[in-house]
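With these hints in hand, go ahead and build the complete structure from the sequences.
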Amino acid sequence: MKAKPRSLLAIESLDSRQILDILALARRMNPARPRTTLRGRRIALLFYENSTRTRTSFEIAAKSLGASTVVIHATTASIEKGESLKDTGRTLQSIVDAIVMRHPSSGAPMLLSRLIEIPIINAGDGMHAHPSQGLLDAFTILNHKKSLKGLKIVTIGDIFHSRVARSDAHLFSKLGARVVFCGPDVLLPNTATELAPGVEIVRDMETALKGADVVMMLRVQQERLQGMQINVDEYIRRYQLTASRLKLAKKDAIVMHPGPMIRGMEMTDEVADCKQSVVLEQVLNGVKVRMAILQTILGGRR
Amino acid sequence: MSSLLLYGGHLIDPAAGVDGPADIVLKDGMVVEVAAPGKAKTPADEKLNLKGLIVAPGFIDLHVHLREPGQTHKESIATGTAAAAAGGFTSVCAMPNTRPVNDSPAVTRWMQDSERGAVVNVFPIAAATLGSQGEKLSDYQALRQAGAVALSDDGKPILDDHIMREALALAAKVGLTVIQHAEDTKVSGTHPMNEGITSFKLGLRGQPAASEWQMVERDVRLASQEGGRLHVAHVSTGKSLDMVRLGRASQVNVTAEVAPHHFLFTEEACSEYDTRYKMNPPLRSKADREAILRGIADGTVDAIATDHAPHALYEKEVEFDKAAFGITGLEVAVAASLTALVHEKLITLKRLVEMLSTNPAKIVGLKGRGTLAVGSVADVTIFDPKKRWTYDVEKTRSRSKNCPYGGMEFKGKVRATIVGGKVVFREL
Chain A
1 MKAKPRSLLA
11 IESLDSRQIL
21 DILALARRMN
31 PARPRTTLRG
41 RRIALLFYEN
51 STRTRTSFEI
61 AAKSLGASTV
71 VIHATTASIE
81 KGESLKDTGR
91 TLQSIVDAIV
101 MRHPSSGAPM
111 LLSRLIEIPI
121 INAGDGMHAH
131 PSQGLLDAFT
141 ILNHKKSLKG
151 LKIVTIGDIF
161 HSRVARSDAH
171 LFSKLGARVV
181 FCGPDVLLPN
191 TATELAPGVE
201 IVRDMETALK
211 GADVVMMLRV
221 QQERLQGMQI
231 NVDEYIRRYQ
241 LTASRLKLAK
251 KDAIVMHPGP
261 MIRGMEMTDE
271 VADCKQSVVL
281 EQVLNGVKVR
291 MAILQTILGG
301 RR
Chain B
1 MSSLLLYGGH
11 LIDPAAGVDG
21 PADIVLKDGM
31 VVEVAAPGKA
41 KTPADEKLNL
51 KGLIVAPGFI
61 DLHVHLREPG
71 QTHKESIATG
81 TAAAAAGGFT
91 SVCAMPNTRP
101 VNDSPAVTRW
111 MQDSERGAVV
121 NVFPIAAATL
131 GSQGEKLSDY
141 QALRQAGAVA
151 LSDDGKPILD
161 DHIMREALAL
171 AAKVGLTVIQ
181 HAEDTKVSGT
191 HPMNEGITSF
201 KLGLRGQPAA
211 SEWQMVERDV
221 RLASQEGGRL
231 HVAHVSTGKS
241 LDMVRLGRAS
251 QVNVTAEVAP
261 HHFLFTEEAC
271 SEYDTRYKMN
281 PPLRSKADRE
291 AILRGIADGT
301 VDAIATDHAP
311 HALYEKEVEF
321 DKAAFGITGL
331 EVAVAASLTA
341 LVHEKLITLK
351 RLVEMLSTNP
361 AKIVGLKGRG
371 TLAVGSVADV
381 TIFDPKKRWT
391 YDVEKTRSRS
401 KNCPYGGMEF
411 KGKVRATIVG
421 GKVVFREL
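Respectively, the protein sequence lines represent chains A and B. The first sequence begins at 1 in the working numbering and counts up one residue at a time. The second sequence begins at 1 in the working numbering and counts up one residue at a time.
By construction, these hints were calculated from the structure, which means they are not laboratory data. Every residue gets a Cβ at the ideal spot worked out from N, C-alpha and C, and that includes glycine. Be aware that one or more of the hints could be misleading.
[To be verified] Only pairs whose alpha carbons sit at most 25 angstroms apart, straight line, appear in this in silico PhoX-like list of lysine-lysine: (1) Lys322/B - Lys81/A; (2) Lys275/A - Lys149/A; (3) Lys86/A - Lys401/B.
[Stated by the list, open to error] Stretches of chain B that chain A covers, calculated by requiring three or more beta carbons in the stretch to come under 8 angstroms of a beta carbon on chain A: (4) 226 to 235; (5) 319 to 327.
[What the hints assert, rightly or not] Stretch-level coverage of chain A by chain B, calculated; a stretch enters the list once three of its residues show a Cβ under 8 angstroms from a Cβ in chain B: (6) 89 to 98; (7) 106 to 112.
See the structure below:
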């Protein structure tokens, strides 16, 4: 078994034991019952990209453990004036104990972790990874299924631009699930099957959904398309999750979405609000899992 | 000027058909005698014992960025040529993407001025279009007269078919080679790495291999229509070499160079977002690397060139997608080639000398270089093909350290570099 991770940069560097440890700890976490285990610890939330859900989630998680937080946005004076990530990181290092970081460039947290000593928690880097989302998605699935082993988890939509899809696939694969990607060529290159063991591509949505235990819907990331042309009507016709399509999945299948969700695009209102949808549960679980992440990384070290 | 006897070495001079023990006398900057061991008649003031070493016509790097004028925080002509000397290059061809861009006889002459402190010969490659904007041709005749040895918009391709056609035609008329950085930027998006499995895993956008080979295909076609000499810079994909082969089969005057990093590494080297592996063209797939090695072995590749591209730490120690493209390589290219090509039995020492000296001299038309026949310029590279050593990038003579070779062990080392009869680097 590996030691407790120093930083959380990507799922790839965790083994299944470390993953299950964090998930087990998350089960004991509850923001409604605050703790003081991280009292006196200072956590910087360094956000180079806008985020509501993840930032709020980490902030509440940190505060629920007694830590103090400071939020730094890219629009903050020094960064806007052209300060490098290295210098921003070094400056923060002298005044905080850990950095939770969101950045539009893939690999930015890996770079920073080589330049400074304090732990870094990746809250999403470019199209690369979103490990805390992966962990909370696994946590949510485990609230409904005994184990991930042998589950058919179907991820549908804009996989190319999705750091969530990548982190989820690594995690689900490590825990023994079958990961099925479904989407159009431009948003899902054939090389995606090489991402992790057990990843497959099924282009036809109906076929992909058959017998699914989990359906993960993704938003088309219009802001990252860079000139790629997506025909919205065609996309909806082929990839929107409707109530009738959902019937192809197992009866007890759950529907997930990492948010923000665009109703009428990747799923209908009806599906978004149906009993099988666990989208809101994901949000609450996010706080619990992030409490567990912060506790694992910062707990017991001074 | 004094005379120098090089004795006891093994001379490899493919242009003169020599591959055996020989003594050489250099005098007044020229080769004055090549004789059997111990038989040289010309008196010499100084002698160098080269027992166990290979003596070759001075190596010529067709592709370096010396960053001067304008970007001396990265490199200068003095520091870049010092690195070249240590790496065994007696001549470097300097790309025009300086500030200002070298599109004028004035800058071309300025770069060659002795004030610059060059340690080895500097042959400017002038911009093919004004400001390398790809719109209007520069004055090829005047640039040639000022000393430019070739034309290129390196770093940028000449995208417009019509301009490329004009460039090839005019260059042919004045007798210069057009060197193309083959990249269709509309296809590549100038993304930070190769498009493939690794880029998908890393969540980085990638340049498809086609963005290179489609441009080579077009250039070969235009060269077949316009005549003239086309040289393809830093080939990184297997299909680009296929296009070169096709061109040659139909008598197009096309040559190709590869950089050591493209036969040493693959895209997987980028897996940790290490910007020392970020360059343009990017490291490609395993299949491409193998195809490049095949092209070196079968003679499709004419030259090895470093694409030495120095950058300051602050330009590289940043997010992968924001980091500058390029790595330094002058000090290790010869050692890396010996290690990965000769000692792997892919090519002979003779073929290596052809790719580092004979052919580059032909490609840019350097008269009296690329050979050590009597009467040629006394540019000599002396190396020990067997010496093992580890490269310490902290001790580089270059102003920049953006290079993945630090700490790498090589078999084969340059021991002396002689330019115009003068020893400019010596480790004997």
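To see whether the hints hold, each was checked on the structure:
no.: 1; hint: Lys322/B - Lys81/A; result: holds (16 angstroms)
no.: 2; hint: Lys275/A - Lys149/A; result: holds (24 angstroms)
no.: 3; hint: Lys86/A - Lys401/B; result: holds (18 angstroms)
no.: 4; hint: 226 to 235; result: violated (count 0)
no.: 5; hint: 319 to 327; result: holds (count 4)
no.: 6; hint: 89 to 98; result: violated (count 0)
no.: 7; hint: 106 to 112; result: holds (count 5)
The structure is inconsistent with the numbered hints 4 and 6, although it conforms to all the rest.
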